[in-house]
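Sequences listed follow chains A and B, in order. Residue numbers for the first sequence follow full-length UniProt numbering, beginning at 1 and rising by one. Residue numbers for the second sequence follow full-length UniProt numbering, beginning at 1 and rising by one.
Keep in mind that the hints were calculated from the coordinates and are not lab data. Check the hints yourself; a few may be wrong.
Here are some, though not all, of the chain A residues that point toward chain B, as calculated from beta-carbon distances under 7 Å [unchecked claim]:
(1) L113
(2) G124
(3) G135
(4) H189
To give a feel for the contact side, a few chain A residues facing chain B, derived at Cβ under 10 Å [to be verified]:
(5) Q67
(6) L112
(7) L123
(8) A129
(9) Y138
(10) L171
(11) V178
(12) I192
This structure is a prediction, so every number in the text was calculated from the model and none was measured. Each residue gets a CB set at the ideal place from its N, CA and C atoms; glycine is no exception.
Number of protein chains: 2
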Amino acid sequence: MASTDKPTDPEFTSSSTPLAPEGTDDYFIFDVILRFLLFAASVVAVVVMVTSNETEIVLFQGIPVPQPAKFRYSPAFIYFVAAFSVSGLYSIITTLASLSVIRKPHLKTKFLLHFIFWDVLILGIIASATGTAGGVAYVGLKGNKHTNWAKICSTYDKFCKHTGGSIAVALFGSIVTVLLIWLSAYAIHRRIPK
Amino acid sequence: MASTDKPTDPEFTSSSTPLAPEGTDDYFIFDVILRFLLFAASVVAVVVMVTSNETEIVLFQGIPVPQPAKFRYSPAFIYFVAAFSVSGLYSIITTLASLSVIRKPHLKTKFLLHFIFWDVLILGIIASATGTAGGVAYVGLKGNKHTNWAKICSTYDKFCKHTGGSIAVALFGSIVTVLLIWLSAYAIHRRIPK
Chain A
1 MASTDKPTDP
11 EFTSSSTPLA
21 PEGTDDYFIF
31 DVILRFLLFA
41 ASVVAVVVMV
51 TSNETEIVLF
61 QGIPVPQPAK
71 FRYSPAFIYF
81 VAAFSVSGLY
91 SIITTLASLS
101 VIRKPHLKTK
111 FLLHFIFWDV
121 LILGIIASAT
131 GTAGGVAYVG
141 LKGNKHTNWA
151 KICSTYDKFC
161 KHTGGSIAVA
171 LFGSIVTVLL
181 IWLSAYAIHR
191 RIPK
Chain B
1 MASTDKPTDP
11 EFTSSSTPLA
21 PEGTDDYFIF
31 DVILRFLLFA
41 ASVVAVVVMV
51 TSNETEIVLF
61 QGIPVPQPAK
71 FRYSPAFIYF
81 VAAFSVSGLY
91 SIITTLASLS
101 VIRKPHLKTK
111 FLLHFIFWDV
121 LILGIIASAT
131 GTAGGVAYVG
141 LKGNKHTNWA
151 KICSTYDKFC
161 KHTGGSIAVA
171 LFGSIVTVLL
181 IWLSAYAIHR
191 RIPK
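With the hints as extra help, turn the sequences into a complete structure.
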């Protein structure tokens with residue numbers, strides 16, 4: 001009799017699946033993976049940007065002169081490298097913090113709150129840095145006829161490929177940071193009793 | 001006897017001060033104020049940017065011609081106006097949502113989580129837009145001798161003042177969005193029982 005009652009009792013079937021408010025271990029594994037992705041994206045963005053140096057022979061008053069293109073000629077790209085160096089360092093520290101807290105459930109809520117606070121700051125920094133570098137790189141790619149800013153990507157092919165690739169990886173890093181904040185917010189939300 | 005026991009009982013004294021996990025009304029008032037600030041910043045940023053049009057007489061091959069400067073000549077400024085139009089609209093909707101939820105405590109936790117999700121997206125959009133416009137405006141202000149991009153702020157005084165003011169207000173809006181996410185995260189965190 002009792003076995004035939006089970007399927008008709010919705011309370012019983014729902015309680016057989018564990019609700020587990022402490023089951024945020026899965027969350028911390030995703031957190032570590034995403035933080036490692038942010039670290040990888042930051043390192044790739046910085047390395048690709050820093051190695052974008054290119055020297056081309058340009059005609060200057062009829063005389064061919066070697067003219068280099070370097071990321072540090074533009075304050076926008078310097079800000080970009082600085083921002084992603086910070087986010088790379090930050091992601092190492094928080095990956096270790098996230099790994100260390102997996103075995104300590106009583107610390108998790110506090111860590112989640114701190115992660116959100118700092119991740120939001122890092123998101124603001126790297127999203128604005130991606131935008132700044134992207135804005136200047138777009139001028140370099142397309143030029144601007146209204147202000148007579150000539151496009152430079154027709155001359156500096158390798159420089160523009162590196163810059164573009166670096167900004168694309170940076171955009172990926174920003175998206176990963178958004179996912180990190182979403183994950184932390186969801187994990188905190190799960191710990192509130194219904 | 002019972003009255004003298006009270007101060008020595010830590011359980012009793014702590015329970016006499018209300019812990020009030022439902023006491024997030026204060027939070028929602030701050031939330032409404034910050035969302036209104038974001039709305040004001042978005043409107044000011046868009047209006048100041050859109051009204052930056054300026055026409056100057058420029059010598060072109062020795063002949064003086066009127067040369068206008070408009071925000072829509074630069075894709076960076078178009079993105080800036082689009083992003084802050086979105087954040088302005090978003091802040092109206094969420095201000096109304098935040099006001100509507102003040103009287104409904106049972107909905108608050110759900111709203112807090114949704115607010116964090118969307119606020120993070122808006123932060124990513126407006127921080128990158130501020131960066132993009134800032135990067136291009138900086139080139140307009142200082143020029144770049146390596147790429148032969150001439151500064152334009154020596155010619156277009158009003159245009160540059162409007163652009164700079166708009167970006168400053170936009171930066172304030174981004175900071176307000178960071179504070180909004182911090183506030184939501186803290187309010188969710190407060191609802192977890194110790």
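Quick rundown of the hints versus the structure:
no.	hint	verdict
1	L113	holds (5 Å)
2	G124	holds (5 Å)
3	G135	holds (4 Å)
4	H189	holds (5 Å)
5	Q67	holds (8 Å)
6	L112	holds (8 Å)
7	L123	holds (6 Å)
8	A129	holds (6 Å)
9	Y138	holds (6 Å)
10	L171	holds (9 Å)
11	V178	holds (5 Å)
12	I192	holds (5 Å)
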